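What follows is the residue order along each chain.
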Amino acid sequence: MSTIYILWLRQVKKYFRSRSRIIGSLGQPLLFLLAFGFGLGSVFQRAGEGNYIQFLGPGIIMMSVLFTAVFSGVDLIWDRQFGFLKETMVAPVSRLEIMLGKTLGGATVAGLQGTIVFVLTLFVGFRPENLLLLPVAAVFVFLIALLFTSLGIAIASTLHDMQGFQLIMNFLVMPIFFLSGALFPLQGLPRFMEVITRIDPLTYGIDGLRGALINGSEFGITTDLLVISILTAILLGIGSYLFERIEA
Amino acid sequence: MNSNQDHANIIVVSDLVKKFKDLVAVDHISFEVKKGEIFAFLGPNGAGKSTTIEMLTTLLQPSSGNMTLNGSDPTRNKDAVRKSFGIVFQDPSVDEDMTAFENMQFHAILYKVPKDVSDHRIKELLEFVELWDRRSDLVKTFSGGMKRRLEVARGLLHHPKILFLDEPTLGLDPQTRNHIWSYVKDISKKENMTVFFTTHYMEEAEKIAERIAIIDRGKIVAIGTVKELKDQTKTDSLEDAFLNLTGRKIRDEEASGMDHLRTMRRMWTRRH
Chain A
1 MSTIYILWLR QVKKYFRSRS RIIGSLGQPL LFLLAFGFGL GSVFQRAGEG NYIQFLGPGI
61 IMMSVLFTAV FSGVDLIWDR QFGFLKETMV APVSRLEIML GKTLGGATVA GLQGTIVFVL
121 TLFVGFRPEN LLLLPVAAVF VFLIALLFTS LGIAIASTLH DMQGFQLIMN FLVMPIFFLS
181 GALFPLQGLP RFMEVITRID PLTYGIDGLR GALINGSEFG ITTDLLVISI LTAILLGIGS
241 YLFERIEA
Chain B
1001 MNSNQDHANI IVVSDLVKKF KDLVAVDHIS FEVKKGEIFA FLGPNGAGKS TTIEMLTTLL
1061 QPSSGNMTLN GSDPTRNKDA VRKSFGIVFQ DPSVDEDMTA FENMQFHAIL YKVPKDVSDH
1121 RIKELLEFVE LWDRRSDLVK TFSGGMKRRL EVARGLLHHP KILFLDEPTL GLDPQTRNHI
1181 WSYVKDISKK ENMTVFFTTH YMEEAEKIAE RIAIIDRGKI VAIGTVKELK DQTKTDSLED
1241 AFLNLTGRKI RDEEASGMDH LRTMRRMWTR RH
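Keeping their order, the protein sequence lines are chains A and B. Following our numbering, the numbering of the first sequence begins with 1 at its first residue and continues without gaps. Following our numbering, the numbering of the second sequence begins with 1001 at its first residue and continues without gaps.
If we strip away everything but chain A, and leave its shape as in the complex, we get:
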């Protein structure tokens, strides 16, 4: 337990120490909210879909959770290159504890980032409809954070340096975001897009968050929760398995 705690604490401490990183990482969500929210807002409204900021808010919150979570996981490559990973690998503790500590730490950081972006959305006019459902929203945020931190760790366990990083960004993280229904409604899509969006795990996170925040879930909160929970468990398993096999 203490091992998991100290690894968690390390991630969280580092997050609070890098203020410039926190502020820097708010630029992108803010840009998306402004450009899409206000840029496409009137088109969205004219199409009879209602207030676009309301629709976009949960998508952008989850976008920042996704990015932060994957980065926190991929951070492992950094620890590996700069040698710190070895310090934990020769310690008399199980790999599973190390992996869990790192994953929980990364997920906490991603959750905090999501919370900050949530506050940011309030400034551009986003209004949650039911404050009582905020804890449900928090559950979705944390599960998505956990899911994608595990994914980041799984990927990082198989990479030796940052060279593959661009590849991950362009062929994994970006598609997961853009094909998730963060920016557009899930109904009335062409058939192939419908299939792709429903394969994307983030879709269910965003849908669940919309359910909790603006009462706008497509699949229903229970389905979303179920899908995300199962996927998170699977990815935690894969992450642990791959992490176990690292030779430092």
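Please keep in mind that the hints were generated in silico from the structure rather than gathered at the bench. All values reported here derive from a predicted model rather than from experimental measurement. Keep in mind that a hint or two might mislead.
[Unchecked claim] Restricting the straight-line Cα-Cα distance to at most 25 Å, the calculated cross-link-like pairs of lysine-lysine (DSS-like) are:
hint, chain 1, residue 1, chain 2, residue 2
1, B, 1123, B, 1083
2, A, 14, B, 1190
3, A, 14, B, 1115
4, B, 1230, B, 1249
5, B, 1140, A, 14
6, B, 1112, A, 14
7, B, 1035, B, 1190
8, B, 1021, A, 86
9, A, 86, B, 1112
10, B, 1019, A, 86
Once you have looked at the hints, place chain B on chain A.
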């Protein structure tokens, strides 16, 4: 039980082999290290020094052969082995975004040193390596030598029976080098701790080690005290003995590209 033998040798290695695809990095090596001894692996870059340390310290699985460390097998009884040693890796392994004290604390928790013991021990060790005044500073503000000293202190925190040092002084200036060695020798004597280090500095092996294994292309070519090595080769310096045994010079000046990068990195990160 052959307990006398067990007590005398804290590290026993026989017929150890590590292959990476076609490359045989460690080629059937056998040696023993006595309890409390300061033992050196001397050899050029790529001789298999680090690979051997990685196998002994549970980081790498050997291809074949046997090892015993403080009575346990590093491939089977990993946790028992891990508790028994401290290590300073070839490349820095401190977390630069944490303070010196936090790095020590992190280590204490990983090794389950009780808090009342660890607080005292951390203070003692940081004072010992003259970093107590800088304990609350982030490690990224430290010079290369200070980081090394912190790593030595950290490696000693859980009272290890064996301290592994993999090229601990690479890229450091002579003064810092002497500094670090005097700490290590002191504490080795005080706590009857075995020291196993690798180096490609001739004079370092000669001055510090009680016994030396000369390793070249994955094989141990000779093993013994400096005097024994000289007698064996009928030479009058370790350098000549090395030349005689391996047929070439160790060539410090032709450090590999990787070493060059390491040294550069240390110089760059020395001061901010």
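- Item | Pair hint residue 1140 (chain B) and residue 14 (chain A), alpha-carbon separation not exceeding 25 Å | Given pair residue 1140 (chain B), residue 14 (chain A) holds - Cα atoms ~13 Å apart, limit 25 Å.
- Item | Satisfaction of hint between residue 1249 (chain B) and residue 1230 (chain B), Cα-Cα up to 25 Å | Given pair residue 1230 (chain B), residue 1249 (chain B) holds - Cα atoms ~15 Å apart, limit 25 Å.
- Task: Please work out if residue 14 (chain A) and residue 1190 (chain B) have their alpha carbons no farther apart than 25 Å.
- Result: violated, 37 Å
- Item | Pairwise hint evaluation, residue 1190 (chain B) against residue 1035 (chain B), where the allowed Cα distance is 25 Å at most | Holds, because 13 Å separates the two Cα atoms, which is no more than 25 Å.
- Message: Between the alpha carbons of residue 14 (chain A) and residue 1115 (chain B), is the straight-line distance 25 Å or under?
- Response: Since the Cα atoms of residue 14 (chain A) and residue 1115 (chain B) sit roughly 23 Å apart, the hinted pair holds (cutoff 25 Å).
- Task: Below or equal to 25 Å on CA atoms is what counts here, so check residue 1021 (chain B) against residue 86 (chain A).
- Result: holds, 23 Å
- Keeping to a limit of 25 Å between CA atoms, is the pair of residue 1019 (chain B) and residue 86 (chain A) held or broken? holds, 21 Å
- Message: Holds or violated: residue 1112 (chain B) and residue 14 (chain A), Cα atoms, limit 25 Å.
- Response: holds, 23 Å
- Would the pair residue 1123 (chain B) and residue 1083 (chain B) pass a check requiring their Cα atoms to be no farther apart than 25 Å? The given pair, whose Cα atoms are some 21 Å apart, holds under the 25 Å limit.
- Message: Tell me if the straight-line CA distance from residue 86 (chain A) to residue 1112 (chain B) falls inside 25 Å.
- Response: Given pair residue 86 (chain A), residue 1112 (chain B) holds - Cα atoms ~17 Å apart, limit 25 Å.
Violated hint: 2 only; the structure is consistent with all others.
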